[in-house]
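Undergrad: So the chains spell out like this:
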Amino acid sequence: MDTKEYIASGILELYVAGTLSELENLEVYLNSEKYPEIKKEIEEIEASVLSITKSVSPGIKGYGDLLNRMDGANIAKTGTIGNKVSWTAYLGWAASLVFMVGLLWLYQQNDQLKLDLEIVSREKDAMEQQIADSNNSLAKTEDLLKTIRDKNITVVVLNGQTVSPTSYAKAYWNKGEKKVFIDAQGLPDPPNGFVYQVWSLTLNPLTPTSMGLLEDFVDDDNKVFALANPNESEAFGITLEPAGGSESPNLEQLYTLGVATS
Amino acid sequence: MELEIIVEQFQKKDAIAFQKLYNMYSENICGVINTIVKNTEVAEEICQDVFMKAWNNAESYNASKGRFFTWILNIARNAAIDEIRSKSYKNNKKNLSADYFVGILESVTDNEDGKEDIIGLKKLLVDLKEKCIKIIELLYFKGLTQKEVSEELDIPLGTVKTRNRSCISQIRTNITL
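Note that the protein sequences, when read in sequence, are chains A and B.
In this text, residue positions in the first sequence follow this note's numbering: the first is 6, and each later residue adds one.
In this text, residue positions in the second sequence follow this note's numbering: the first is 18, and each later residue adds one.
Incorrect hints may have been included.
What the hints assert, rightly or not - Computed spacing ranges between beta-carbons, pair by pair:
#	chain 1	residue 1	chain 2	residue 2	range
1	A	233	B	140	29 to 35 Å
2	A	250	B	144	24 to 30 Å
3	A	127	B	29	21 to 27 Å
4	A	170	B	150	38 to 44 Å
To be verified - Below 25 Å or equal to it, Euclidean Cα-Cα: the simulated DSS-like pairs (lysine-lysine) are:
#	chain 1	residue 1	chain 2	residue 2
5	A	66	B	70
6	A	183	A	39
7	A	66	B	37
8	A	59	B	178
9	A	44	B	139
10	B	82	A	9
11	B	70	A	59
12	A	156	B	151
If you're looking for bench data, these hints aren't it; they were derived computationally from the structure.
Where is the CB? At the ideal position from N, CA and C, for every residue including glycine.
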């Protein structure tokens, strides 16, 4: 993409103003994640809008004032306590510090060993988990590992979006074989009559192409789905669609989204 | 600390991150509100309401929908417009553009506290044409869409984008003066 032309179009200024459509906002966001110069430009535009809006400010009430008004809301006050501390307290702290140093010396080696042990045991746990999750067949597990470890694989992390901020997924994209494995372990079970649909997104203009559905999601043990992807994807998104899938994505139900950086 | 991290912490209801964001943006937000309601005290009040709203709806913000500042700016404009509508001001946000934010210049020249900011505003507006001031007012302070601006100023849709870009560029130059 010609980023200079894109920047010169003036779309980024409207982005900062907040007057673009939802789809255009998404496009600018994805472009800014992909091209650092676009992100930098957006930040500079924002800085100029900040300076002009600040210059007409009538002055503000302090943050403390706001906290007082929000009293009762679930916000922790972060006031400082200014009481005097006697020298005996300092002595107490000093003594405990000496004690801590001694303890530290005693436990140093032990800690290192424990840490090593924990790492090994976590690795073991992770492996066991992996095998347990793929208990339907050993061959499938091996195939999965081989796929994920393949050096030609591009890993794209899809982060949770507004409808489900805690959701996540990963796409393991083998460009050579035009295949994408979606690890959807981090998605909730879809409600009855709905199915997750995976989209390949290309930018400028933003064009979603369906890669397929995550069928039988609930019954799938390892939640890893293989999909064909002949597209030159720049980003991947997963939306919740009515059973059978949709022609175009319902952005209101965009669960996860991630930019492929090559 | 990176803005992204502060915003993330804020969404996890971290009071310190919230305070940081308040310190970063409250003057801007109050500035925008003040140009709409044209009453310092009311503006300060609404400004705090806006940050309370932001806190209570922290989880509804999402980076893929726009900048954090843009998000809170939008809450602020809506709150300010609601306020003047409830006070039976003219019932059309386009009519609000009768006087531009530079009008603030005249209204606070006697105000000692405001003097430095006024100098700041004057510096920012060096070489800025009247049509720039109008377009910035409509897009950033009033939140009109590209189409609404094109109708309001009677210029082609595409011109809104290019003109606004050159106006913002001028401000960017002026910042470095």
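Undergrad: Indicate, hint by hint, whether the structure satisfies it.
TA: Hints and how they fare:
Checking the proposed 29 to 35 Å range against residue 233 (chain A) and residue 140 (chain B) shows it is violated: the Cβ atoms sit about 58 Å from each other. For the pair residue 250 (chain A) and residue 144 (chain B), the beta carbons lie near 55 Å from each other, so the given range of 24 to 30 Å is not met. Range check, residue 127 (chain A) to residue 29 (chain B): Cβ separation about 25 Å, and the 21 to 27 Å hint holds. For the pair residue 170 (chain A) and residue 150 (chain B), the beta carbons lie near 39 Å from each other, so the given range of 38 to 44 Å is met.
Between residue 66 (chain A) and residue 70 (chain B) the CA atoms are separated by roughly 16 Å; this keeps the pair inside 25 Å, and the hint holds. With a C-alpha separation of about 21 Å, the suggested pair residue 183 (chain A) and residue 39 (chain A) falls inside the 25 Å cut-off, and the hint holds. A hinted pair counts as satisfied when its Cα atoms are at most 25 Å apart, and residue 66 (chain A) with residue 37 (chain B) qualifies at roughly 14 Å. The hinted pair formed by residue 59 (chain A) and residue 178 (chain B) meets the criterion: a straight-line CA distance of about 23 Å does not exceed 25 Å.
A hinted pair counts as satisfied when its Cα atoms are at most 25 Å apart, and residue 44 (chain A) with residue 139 (chain B) does not qualify at roughly 28 Å. For the proposed pair residue 82 (chain B) and residue 9 (chain A), the alpha carbon gap of about 23 Å is at most 25 Å, so the pair holds. Under the criterion of a C-alpha separation no larger than 25 Å, the hint pairing residue 70 (chain B) with residue 59 (chain A) is consistent with the structure, at around 20 Å. Simply put, residue 156 (chain A) and residue 151 (chain B) have alpha-carbon atoms about 55 Å apart, too far for the 25 Å limit, and the pair is violated.
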